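Engineer: Protein chains in written order, with our numbering: chain A, 1 to 278; chain B, 1 to 301; chain C, 1 to 258.
Keep in mind that the hints were calculated from the coordinates and are not lab data.
One or more hints might be untrue.
What the hints assert, rightly or not - Under the rule of at most 20 angstroms between Cα atoms (straight-line distance), these lysine to aspartate or glutamate pairs were calculated in the EDC-like manner: (1) Lys215(A) <-> Asp182(A); (2) Lys198(B) <-> Glu249(B); (3) Lys236(A) <-> Asp266(A); (4) Lys58(A) <-> Asp193(C); (5) Lys58(A) <-> Asp129(C); (6) Lys61(B) <-> Asp180(C); (7) Lys88(A) <-> Asp77(A); (8) Lys88(A) <-> Asp180(C); (9) Lys88(A) <-> Asp129(C); (10) Lys55(B) <-> Asp129(C); (11) Lys80(A) <-> Asp67(A); (12) Lys198(B) <-> Asp242(B); (13) Lys80(A) <-> Glu97(C).
As the list claims (entries may be wrong) - Not close to chain B: a few residues of chain C, all C-beta gaps over 10 angstroms, as computed: (14) Gly20; (15) Leu44; (16) Val166.
Bear in mind that the values here come from a model prediction, so they are computed numbers and not experimental data.
Where is the CB? At the ideal position from N, CA and C, for every residue including glycine.
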Amino acid sequence: MTDPVRNPPDDSTLVRVRGLTTVLNGKTIFDKLDLDIPRGKVTAIMGPSGTGKTTLLKHITGQMTPDAGQILVDGQDVPKLSREALYKLREGIGYLFQNSALLTDFSVFENVAFPLRQHTQLPEVLIRNVVLLKLQAVGLRGAAQLMPNELSGGMARRVALARAIVFDPMLILYDEPFVGLDPVALNQVLKLIRTLNETLGITSVLVAHEIEAVKRVADHVFLIANGKVVAQGDPKTIANDGSAWTRQFFGGDEDGPVPFQYPAGDYAQALGFSGAAK
Amino acid sequence: MSQPRNSYAVGTGLFIVLGFAALVYLATQTTSVANTHQGASYIVDTHFANIGQLKERAPVKIAGVRVGQVQSITLAPGAEVADVKLAIDKNYDKIPLDSVATIFTSGLLGDQYVGIVYGTSKKTVAEGGTLALTKPAEQLEDMLGKFFGAGGMADNLGGTYTVTATFSNVGTLSAGAAVKMAGVPIGSVQSVVADPVKLDAKVTLAIDNRYNQIPDDSSAAVFTSGLIGSQFVAIQPGGSPDALKNGDEMVLTQSAMQLEDLIGKFLVNGSSSTDKKDAGNGKPGDKSSDTPSPTTPAGKQ
Amino acid sequence: MSTRPVPTRNALTGALAQVGGCGLFLLTLLAAIPRSFRYVRETLRQLWFVGAMSLTIIMVCGLFVGMVLMLQLYHVLSIFGGTSASGMVVALSVYRELGPVVTALLFAGRAGTSITAEIGLMRATDQIDAMEMMAVDPIAYVGTPRFLAGLIAMPLLCCVFCAMSVLGGHLVGVTWLGIDNGTFWSNMTAVVDLRTDIVNGVLLKSLAFGAVVTLIAVYQGFTTPPTSEGVAYATTRTVVASSIAILALDFVLTAFLM
Numbered sequence: 001m002t003d004p005v006r007n008p009p010d011d012s013t014l015v016r017v018r019g020l021t022t023v024l025n026g027k028t029i030f031d032k033l034d035l036d037i038p039r040g041k042v043t044a045i046m047g048p049s050g051t052g053k054t055t056l057l058k059h060i061t062g063q064m065t066p067d068a069g070q071i072l073v074d075g076q077d078v079p080k081l082s083r084e085a086l087y088k089l090r091e092g093i094g095y096l097f098q099n100s101a102l103l104t105d106f107s108v109f110e111n112v113a114f115p116l117r118q119h120t121q122l123p124e125v126l127i128r129n130v131v132l133l134k135l136q137a138v139g140l141r142g143a144a145q146l147m148p149n150e151l152s153g154g155m156a157r158r159v160a161l162a163r164a165i166v167f168d169p170m171l172i173l174y175d176e177p178f179v180g181l182d183p184v185a186l187n188q189v190l191k192l193i194r195t196l197n198e199t200l201g202i203t204s205v206l207v208a209h210e211i212e213a214v215k216r217v218a219d220h221v222f223l224i225a226n227g228k229v230v231a232q233g234d235p236k237t238i239a240n241d242g243s244a245w246t247r248q249f250f251g252g253d254e255d256g257p258v259p260f261q262y263p264a265g266d267y268a269q270a271l272g273f274s275g276a277a278k
Numbered sequence: 001m002s003q004p005r006n007s008y009a010v011g012t013g014l015f016i017v018l019g020f021a022a023l024v025y026l027a028t029q030t031t032s033v034a035n036t037h038q039g040a041s042y043i044v045d046t047h048f049a050n051i052g053q054l055k056e057r058a059p060v061k062i063a064g065v066r067v068g069q070v071q072s073i074t075l076a077p078g079a080e081v082a083d084v085k086l087a088i089d090k091n092y093d094k095i096p097l098d099s100v101a102t103i104f105t106s107g108l109l110g111d112q113y114v115g116i117v118y119g120t121s122k123k124t125v126a127e128g129g130t131l132a133l134t135k136p137a138e139q140l141e142d143m144l145g146k147f148f149g150a151g152g153m154a155d156n157l158g159g160t161y162t163v164t165a166t167f168s169n170v171g172t173l174s175a176g177a178a179v180k181m182a183g184v185p186i187g188s189v190q191s192v193v194a195d196p197v198k199l200d201a202k203v204t205l206a207i208d209n210r211y212n213q214i215p216d217d218s219s220a221a222v223f224t225s226g227l228i229g230s231q232f233v234a235i236q237p238g239g240s241p242d243a244l245k246n247g248d249e250m251v252l253t254q255s256a257m258q259l260e261d262l263i264g265k266f267l268v269n270g271s272s273s274t275d276k277k278d279a280g281n282g283k284p285g286d287k288s289s290d291t292p293s294p295t296t297p298a299g300k301q
Numbered sequence: 001m002s003t004r005p006v007p008t009r010n011a012l013t014g015a016l017a018q019v020g021g022c023g024l025f026l027l028t029l030l031a032a033i034p035r036s037f038r039y040v041r042e043t044l045r046q047l048w049f050v051g052a053m054s055l056t057i058i059m060v061c062g063l064f065v066g067m068v069l070m071l072q073l074y075h076v077l078s079i080f081g082g083t084s085a086s087g088m089v090v091a092l093s094v095y096r097e098l099g100p101v102v103t104a105l106l107f108a109g110r111a112g113t114s115i116t117a118e119i120g121l122m123r124a125t126d127q128i129d130a131m132e133m134m135a136v137d138p139i140a141y142v143g144t145p146r147f148l149a150g151l152i153a154m155p156l157l158c159c160v161f162c163a164m165s166v167l168g169g170h171l172v173g174v175t176w177l178g179i180d181n182g183t184f185w186s187n188m189t190a191v192v193d194l195r196t197d198i199v200n201g202v203l204l205k206s207l208a209f210g211a212v213v214t215l216i217a218v219y220q221g222f223t224t225p226p227t228s229e230g231v232a233y234a235t236t237r238t239v240v241a242s243s244i245a246i247l248a249l250d251f252v253l254t255a256f257l258m
């Protein structure tokens, strides 16, 4: 279902971000961010809350337009694409939402079949086989006739994953795939991400906080803070690169480069002890 | 993409069918379209001196039962009478040739229809035939005149004598309106004409002969029955020993109140010193020339 | 995309922004019609939800409106001895005013709110974003089918409402109060006109109301902040804005169509 393989400008990089600048409600989210996501690898994007990790994913899919900068996905500059070209590109991208975002009107089977029905005229038999194949891959073939509200959080996420891979995309974006999962479900999702990457060669990008889970699944880690990449590299080595950012993030210190306090005026003044208290 | 959604399709289909069925029902059963769907019928010609408000597709009734409808209403150029073609159901083909076609009104406010009252002739009217005997539409004014003035009855009983009265303004008084004394009808207005010289209204009253003792200095006033009722002439007896005779003229008259004047008076009642000026200003300008202050009896001549 | 909430400054500019946003959104919806042709089934499914599911309330209310109208008219008209005209007056007042207006108000309460709440919740649970990501245009897949369904459903519902009102009037007038059956129908058929009453009154008005109600409902759903509070607020706003729009538009339409 994906586009015919063309010769990408850079074989080893699927997503190339250059000079990305985004300002939301007067707050600078990205400040000339540069990022290269390697093809065929599992890449994790980490960083403190509010640094715009999800915003970055939305830039990659063209849901949000940056104020400046280039985002090349498979050689195409996403912000400059027309609507049709963007939709064409999105057919090659799977996106796993934090809360699964299954269509509540439809059964599990119809949810997974939804992209197929919308974009192809495949015969019913073929659709059935493809859907059951994908559901089998996430281990939920038996749940095909359940409705989304009958699923647990982990199951819903696996169904969403089956839906995301139904077109065999070249790229899957996982938005916080580990949040709210019990250890068993967490292991299942970790294994799925790994398996999909290894067996189908799907480039995976995941946004996450869970350091242990990321260490188990990711090939490459970007640490984003203050709108820039502050550290990157192998998950095993990045924690030991010695910078203040990684020390705080991987060491779990409550104060450091990322301040504990949200930016505010003078504390004493806010409490009414102006001048004298100082 | 069919199996799981078939129930919707069926339900939606039912909904659409029901909606359209309701539309067809409304359009065919409750509108005038319902009247056009008739069985086999035959056409009968009639001629009326006055059709009043009769319209095409109005019902034709015998003994109050609908037997057909008015097919067309035309007035031939130069002709004096309206040519009304009636389409009558084939089931009712035994209508005597000397039957009378009359234009009736259903109730006081209803639409008009053609009623056929059977004659006695052995011959029946055929397709394309003509019912020669007709009675034109009763005009509401005539009916009201009869109703309020009992004029027709007065004519029948003992005849009337006429007197004239001149009003500066008669409002909407028309021929046939009642003439009342002490609230009781004693006659009717025979004619209302404008005097070309004096430029006011000359009203001829036909008063029942029984009431021949009305003093000749009595005054006549144009009153309105209620807020929206019809207008009538009220006679207030005077004290003279001489009585009104046929052809006399009543000298003391009081013109019709205009609603505008009434409202104007009402509004400026509080400031009586500027009463006249305000009342004059409040009136539409074109009326001021022929409407003197209506409260004072306008003694003419 | 025009799906961002419009920033509001004060009541007046806020209301103006809502009206303007609604107008622009109508263009978006209409522009998406060609793209939504492939989602005909979705339109049909929405027709089931907004149309067929509203049928019960419309039928019951129509019946009662006709019945109560007949009861009132009978008492007033009996003063003038004009009770035979009451069937006609029921039909005329329902066709020209009450049918379209009451159907539209009920439709706003029944279908408009559910459209707003559904779209709002779909946004809150990222379903709209998910469609975007699956390269399915949410305006064409979610917005336009609901709009078209409302456009089709309203005239049909209004016809059902009017028919039920006439039946309700007949029930009370003829079987209960003893108006003659023939008089009831013949007075009605003599006065009710196909073009001015059925086409202009029932069909055109309800079509316009259907467009306005569903436009407001879909617009509110797409622009509300995707939170539970935002959805609740948007649902209320759908009813309020629809009601005002229906009655204001009714005045304009009546002035033009009479």
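Engineer: For Lys198(B) and Glu249(B), compute the direct alpha-carbon distance and say whether it is at most 20 angstroms.
Structural biologist: Measuring from Cα to Cα gives roughly 15 angstroms; hence the hint holds.
Engineer: Sort out whether Asp129(C) lies within 20 angstroms of Lys55(B), counting only the CA atoms.
Structural biologist: The hint is violated at about 63 angstroms.
Engineer: Hey, Lys58(A) versus Asp129(C), does the alpha-carbon distance stay inside 20 angstroms?
Structural biologist: Since the Cα atoms of Lys58(A) and Asp129(C) sit roughly 10 angstroms apart, the hinted pair holds (cutoff 20 angstroms).
Engineer: Taking only the CA atoms, is the gap from Lys88(A) to Asp129(C) under or equal to 20 angstroms?
Structural biologist: With a Cα-Cα distance of about 16 angstroms, the restraint between Lys88(A) and Asp129(C) holds, given a limit of 20 angstroms.
Engineer: Between Lys80(A) and Glu97(C), does the CA-CA distance stay at or below 20 angstroms?
Structural biologist: Violated - the C-alpha atoms of Glu97(C) and Lys80(A) are around 52 angstroms apart, more than 20 angstroms.
Engineer: Given the hint that Lys58(A) pairs with Asp193(C), does the C-alpha gap stay at or below 20 angstroms?
Structural biologist: violated (58 angstroms)
Engineer: For the pair we were handed, Lys215(A) and Asp182(A), check the Cα-Cα distance against 20 angstroms.
Structural biologist: holds (18 angstroms)
Engineer: Within 20 angstroms, alpha carbon to alpha carbon, are Lys198(B) and Asp242(B)?
Structural biologist: violated (27 angstroms)
Engineer: Is Lys88(A) close enough to Asp180(C), meaning Cα to Cα at most 20 angstroms?
Structural biologist: violated (69 angstroms)
Engineer: Can we confirm that no CB of chain B comes within 10 angstroms of the CB of Val166(C)?
Structural biologist: violated (6 angstroms)
Engineer: Under the criterion that the straight-line Cα-Cα distance not exceed 20 angstroms, is the pair Lys61(B), Asp180(C) satisfied?
Structural biologist: holds (16 angstroms)
Engineer: Given the hint that Lys80(A) pairs with Asp67(A), does the C-alpha gap stay at or below 20 angstroms?
Structural biologist: holds (12 angstroms)
Violated hints for the displayed structure, listed by number in ascending order: 3, 4, 8, 10, 12, 13, 15, 16.
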